[in-house]
Amino acid sequence: MARSSAVRAAITRQRLSGPHWPSLRSYGFICGVSHPSRVAPMFDKPRVGLAGDPDSSWRLVADVGGTNARFALADDYGALQGQETLRCEDFAGLAEATRHYLSNHNVGSIRAAAVAVATAVYEDHVAFTNSPWSFSIRDLSRQLGVKDFHVVNDFTALALSIPRLDREWLVPVTPHGRGAPNAPRAVIGPGTGLGVSGVFHFGGRWRALDSEGGHVTLAPADAREVELLGILTRQFDHVSAERVLSGPGLVNLYRANCELEGVDAEALEPSDITERGLAGECAICMKVLDDFCAMLGTATGNLVLTLGARGGAYIGGGIAPRLQPFLAQSRFRERFEAHGRLSEYLADVPCYIVTAKYPALEGALAALDDL
1067 MARSSAVRAA ITRQRLSGPH WPSLRSYGFI CGVSHPSRVA PMFDKPRVGL
1117 AGDPDSSWRL VADVGGTNAR FALADDYGAL QGQETLRCED FAGLAEATRH
1167 YLSNHNVGSI RAAAVAVATA VYEDHVAFTN SPWSFSIRDL SRQLGVKDFH
1217 VVNDFTALAL SIPRLDREWL VPVTPHGRGA PNAPRAVIGP GTGLGVSGVF
1267 HFGGRWRALD SEGGHVTLAP ADAREVELLG ILTRQFDHVS AERVLSGPGL
1317 VNLYRANCEL EGVDAEALEP SDITERGLAG ECAICMKVLD DFCAMLGTAT
1367 GNLVLTLGAR GGAYIGGGIA PRLQPFLAQS RFRERFEAHG RLSEYLADVP
1417 CYIVTAKYPA LEGALAALDD L
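Per the working numbering, the very first residue in the sequence shown carries number 1067; after that it's consecutive.
In case anyone wonders, no lab produced these hints; they're calculated from the structure. Take the hints with a grain of salt, since some may be wrong.
Quick list of simulated restraints, FRET-style, between CB atoms [what the hints assert, rightly or not]: (1) 1270 to 1240: 27 to 37 Å; (2) 1247 to 1328: 48 to 58 Å; (3) 1174 to 1302: 41 to 51 Å; (4) 1233 to 1374: 21 to 31 Å; (5) 1345 to 1172: 42 to 52 Å; (6) 1338 to 1195: 20 to 30 Å; (7) 1205 to 1411: 41 to 51 Å.
We put the beta carbon where it would ideally sit given N, CA and C, even for glycine.
Hey, can you work out the whole structure from these sequences and the hints?
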């Protein structure tokens, strides 16, 4: 769970409502989730909601990427329950995966839903970049029988989760900076791609910024980076930040470093580069990780300055948590602050790694709560 308050809410309901409430195990707090066959149904019979209509108390949240679709149900107390991860390749589309999830938990209907998707959301049609899935928002809403149905970008959802996460899920990169309460917060996340967003406190609520900032042009910060980006420019017409600060970006950096050193590049995956670099088994892989952390520091500092994010910078995605000790000892913080006349401004801004397992589900719920 992303919030310990969810556990407290479930325990409180049991005390108030008596033995007819399901146990914590059936909520998924104990049993865990990954494969449908391993997940206990939330209820033994169709759930009757608090208002008397079948399942009227339940809201569905989902986080859908190119490989996995993660689901959870939110009750009227704002607790996320029954988290489950399904493989996208096992289903024809999102409608089929959603029906399977609801059936697996004996939930007949829902009163609202929010889906975070790993692609830009412009109008009604949603097509995934790294998956054959696509859907019409209107059609999916009708298929699921939900009028209150919303789709947001997955990184927008991640940004919305930041103010709701307990501090245990926000690990300081270094002890630098204090942060200003209710000031804007910058959110950046290298993973399959590079997500960029921010959250702002306005009108008593936190609002997220929809952004495609991962595709801004990447600028070198020293002579060596000029050479690296020169190599990448021959391969890509436009070298965006995502071409370096992502899983595929690690491979791009590795190949560019090999060319710079005059050695043949091996056929390495991002995980290979990370493992060899962290273990000290490959000098070039170690350079790649150092380059990656340094460039991430510059990009994060740029984002903080752009947004005026005195509240802090938050690094999500799947790569940063794996690099946590290395990141702390790297040039990340040096490059984060190295912005000339505004270096002192950045020196007081803290940077955190988001370690929550499913923050986008929490963010999807935040999107529903704010509507």
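Each hint tested on the structure:
{"no.": "1", "hint": "1270 to 1240: 27 to 37 Å", "verdict": "holds (32 Å)"}
{"no.": "2", "hint": "1247 to 1328: 48 to 58 Å", "verdict": "holds (52 Å)"}
{"no.": "3", "hint": "1174 to 1302: 41 to 51 Å", "verdict": "holds (49 Å)"}
{"no.": "4", "hint": "1233 to 1374: 21 to 31 Å", "verdict": "holds (23 Å)"}
{"no.": "5", "hint": "1345 to 1172: 42 to 52 Å", "verdict": "holds (46 Å)"}
{"no.": "6", "hint": "1338 to 1195: 20 to 30 Å", "verdict": "holds (23 Å)"}
{"no.": "7", "hint": "1205 to 1411: 41 to 51 Å", "verdict": "holds (48 Å)"}
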